[in-house]
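**Student:** The primary structure of each chain is shown beneath.
Number of protein chains: 2
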Amino acid sequence: MTNAINAGMPSVEIITIGDELLIGQTIDTNSAYIATILNLNGISVKQITSVSDNEEHIIYALNDAQKRANIILMTGGLGPTKDDITKKTLCKYFNTGLRFDEEAFKNITRLFTSYGREVTPLNRMQAEVPTICETIYNEFGTAPGMWFVKDEKIIVSMPGVPYEMKAMLQNIILPKIKKQFTLPHIIHKIVLTQGIGESFLADLISKWEDSLSPLQIKLAYLPSIDIVRLRLSTKGYNADELNNNVNQKIEELKQLIPQYICGLETYGEEKETLEQIIGKLLKEKQLTIATAESCTGGYLAHLITSVAGSSEYYVGSVIAYSDMIKELELNVPTQLLQEHGAVSQPVVEQMAISIRKKFNTNIGVATSGIAGPSGGTDEKPVGTVWVAVSIGNKIISDRFLFGKRRERNIQKSAQAALNILRKELI
Amino acid sequence: MTNAINAGMPSVEIITIGDELLIGQTIDTNSAYIATILNLNGISVKQITSVSDNEEHIIYALNDAQKRANIILMTGGLGPTKDDITKKTLCKYFNTGLRFDEEAFKNITRLFTSYGREVTPLNRMQAEVPTICETIYNEFGTAPGMWFVKDEKIIVSMPGVPYEMKAMLQNIILPKIKKQFTLPHIIHKIVLTQGIGESFLADLISKWEDSLSPLQIKLAYLPSIDIVRLRLSTKGYNADELNNNVNQKIEELKQLIPQYICGLETYGEEKETLEQIIGKLLKEKQLTIATAESCTGGYLAHLITSVAGSSEYYVGSVIAYSDMIKELELNVPTQLLQEHGAVSQPVVEQMAISIRKKFNTNIGVATSGIAGPSGGTDEKPVGTVWVAVSIGNKIISDRFLFGKRRERNIQKSAQAALNILRKELI
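Note that the protein sequences, when read in sequence, are chains P and G. Residues 1 to 426 in the numbering used here are what the first sequence lists, from first letter to last. Residues 1 to 426 in the numbering used here are what the second sequence lists, from first letter to last.
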């Protein structure tokens with residue numbers, strides 16, 4: 001079905017479809033994901049366009065995108081209900097009818113069977129695809145993707161559900177694109193600077209900045225609350241040369257402003273989380289762990305158990321949200337609670353020691369703090385948190401003062417606990 | 001400077017500018033924010049377009065947007081560094097030069113003084129604006145916004161830093177737009193349904209759905225992990241009539257599928273979560289609750305304790321990630337575990353009963369399942385989850401079969417537990 005296309009550098013446009021995007025009910029996260037995956041594979045994105053579930057507008061956007069791009073990736077509007085019109089619109093656009101795709105139907109049946117349900121007529125209709133398209137199977141959902149070729153342009157329609165789209169893009173669509181194009185390399189490297197505003201920084205490095213353009217390296221300044229990111233971007237077919245050029249310029253920058261550089265960031269990489277790092281360390285060292293949580297209310301345990309295989313080292317937790325449970329289950333003496341309060345060093349240390357003993361693990365971790373919004377005092381304002389780790393014959397504890405926002409205090413407390421643990425493990 | 005424009009319903013397009021958007025380094029959250037604020041004020045958004053810091057492309061996008069919209073709101077590209085070219089591009093687009101804006105410069109000076117710094121020449125240049133624009137002052141940053149009128153179209157350029165843009169939009173730009181247009185009302189109301197897939201739901205309510213279009217009400221289905229949101233949208237000048245129509249249809253829906261409706265959501269407001277709903281019910285009924293978690297690993301407790309004030313009703317949890325803890329802490333008999341396995345009705349029921357007794361609460365909730373990716377068998381595949389609620393003299397338990405993905409299984413299990421609890425509480 002697919003004609004071979006062998007242009008040089010492909011360029012892509014993304015069209016995301018759905019009224020929910022145009023009324024702000026949903027933030028378009030799909031586009032950033034797609035753009036990242038494409039860039040990592042040498043493909044530039046020219047424009048991202050979000051339009052509503054409107055036939056005329058979708059067709060306009062498709063025609064417009066083709067002026068600039070030779071690949072158009074669309075997401076959204078493939079659900080079984082009446083408000084989703086992308087498939088119908090594509091039939092009209094390509095002047096084609098529908099065919100019933102047996103394989104797509106098998107996939108729908110498989111999914112419904114796994115949920116213990118019968119396929120409805122509406123879902124059966126999801127196995128119908130435009131006659132001229134190549135069907136892209138959807139591992140995680142009922143809406144198949146569709147791959148079209150017209151006037152040497154590739155047009156692909158994917159579902160809007162992020163994890164369905166991601167699997168389709170990574171496993172099927174990207175490999176298909178790679179087969180048809182000789183892709184260049186796109187390099188983005190990011191230098192983190194701290195302690196200097198972007199305009200001061202720009203003054204300081206202006207000569208260095210001027211030396212980038214002869215090498216076809218583009219510089220971008222990305223200021224955020226505390227950090228200015230400098231992104232160096234370049235594109236070409238010789239990966240070694242591109243990398244060497246960028247690395248050399250980063251070395252020069254390090255010489256130029258060593259006092260402001262606080263790190264490098266790898267573009268597009270999923271950052272390894274603290275709980276993943278700790279999971280690896282615990283497995284390696286064959287240690288077990290239990291937690292006793294107050295202010296984090298289960299979030300610390302959740303982070304630890306979000307890692308696949310965590311049952312190898314994680315035994316469990318007592319969440320002692322009330323003082324009664326701290327006393328009864330974690331052997332915190334009433335007197336200690338009365339004298340120092342639940343949010344205190346002796347209490348959190350006792351919690352860590354007790355849970356380790358009670359659950360018979362190598363390590364005990366405990367948190368106790370005031371997440372807010374209420375419960376703060378002058379002496380212990382909202383955001384005050386104690387964290388303790390009991391390991392070997394050591395007990396490490398530390399006090400933190402985070403901010404006023406409950407959600408952030410819970411997150412930061414759990415991160416602080418994991419970070420103390422990480423430091424002890426390495 | 002600004003000509004009065006008095007067309008009827010204005011329509012808006014949003015153009016967000018920045019290479020970081022096209023390479024996926026930054027997710028465009030500004031557009032969803034702007035779209036929400038506009039909809040709440042009766043203004044529809046036709047298209048959202050993201051383009052890179054490229055003069056030609058920005059000008060193309062501006063011309064294209066004017067075909068559909070009479071107001072164009074742009075963000076991004078106003079920083080002091082060389083990579084930001086929006087202001088220069090707008091000068092070219094409007095065929096105008098720059099003027100030095102004393103007020104904008106005072107604002108820049110004020111900001112630098114507050115940081116204890118001198119204004120750099122680069123920042124001084126930020127006080128230059130296109131001669132023909134009206135300057136929009138930036139309370140929180142150095143880049144002024146710019147308001148242009150051309151051929152009866154309004155074109156506004158705002159900085160891309162979210163909090164700078166938000167203040168500008170809310171305090172200056174929106175009031176200016178409101179003065180120039182007689183704005184209609186846009187109503188979005190959202191009904192939350194649970195326990196039924198979107199295609200089954202669509203079958204069930206298809207007649208009701210047909211009755212919406214004569215009233216100019218548009219229906220959208222928005223499926224998420226456990227909930228399908230039904231959004232009813234309408235637009236017009238008579239707010240009472242619009243509200244009455246939508247409310248009446250929601251009442252009809254409540255009659256039609258009372259068993260699946262689990263709440264309403266106010267558009268543009270923070271969504272009420274299941275844990276918030278349960279929090280309210282528990283407070284109202286003055287009941288206390290404890291949890292015993294296996295597969296959810298603390299996530300259920302985390303959801304419950306993410307609600308401010310949850311310490312009034314939530315006492316704590318035992319996370320029994322290992323069978324040993326289920327035996328020792330939750331009195332699950334060894335025999336029961338051996339005969340039925342940890343993921344079974346008798347075990348999860350015993351967990352719920354035990355935690356309630358142990359923590360002396362009115363309610364006990366328990367989960368036990370196979371989150372995956374490993375641990376599944378033919379009889380109990382990954383995604384098999386048992387949930388139990390012990391309340392009054394009742395024990396309610398239910399078995400679920402979710403999918404293969406660990407993260408989703410954890411989320412869905414916790415949601416399922418909360419939902420059983422919600423049903424028992426109402």
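Read the hints as simulated data drawn from the structure, not as lab findings. There could be a bad hint or two in this list.
A pair holds if it fits inside one copy or across any two, identical chains being indistinguishable in the list.
To be verified - Lysine-lysine pairs mimicking BS3-like chemistry, simulated, CA-CA at most 27 Å apart:
| # | residue 1 | residue 2 |
| --- | --- | --- |
| 1 | K280 | K404 |
| 2 | K46 | K106 |
| 3 | K218 | K176 |
| 4 | K153 | K88 |
| 5 | K254 | K358 |
| 6 | K358 | K380 |
| 7 | K412 | K218 |
| 8 | K254 | K178 |
| 9 | K46 | K153 |
| 10 | K412 | K176 |
**Student:** Evaluate each hint against the coordinates.
**Tutor:** Each hint, compared with the structure:
no.	hint	verdict
1	K280 with K404	between (33 Å within a copy, 23 Å between copies)
2	K46 with K106	neither (37 Å within a copy, 38 Å between copies)
3	K218 with K176	neither (29 Å within a copy, 38 Å between copies)
4	K153 with K88	within (20 Å within a copy, 34 Å between copies)
5	K254 with K358	neither (39 Å within a copy, 50 Å between copies)
6	K358 with K380	neither (29 Å within a copy, 31 Å between copies)
7	K412 with K218	neither (29 Å within a copy, 42 Å between copies)
8	K254 with K178	neither (36 Å within a copy, 51 Å between copies)
9	K46 with K153	both (15 Å within a copy, 26 Å between copies)
10	K412 with K176	neither (42 Å within a copy, 34 Å between copies)
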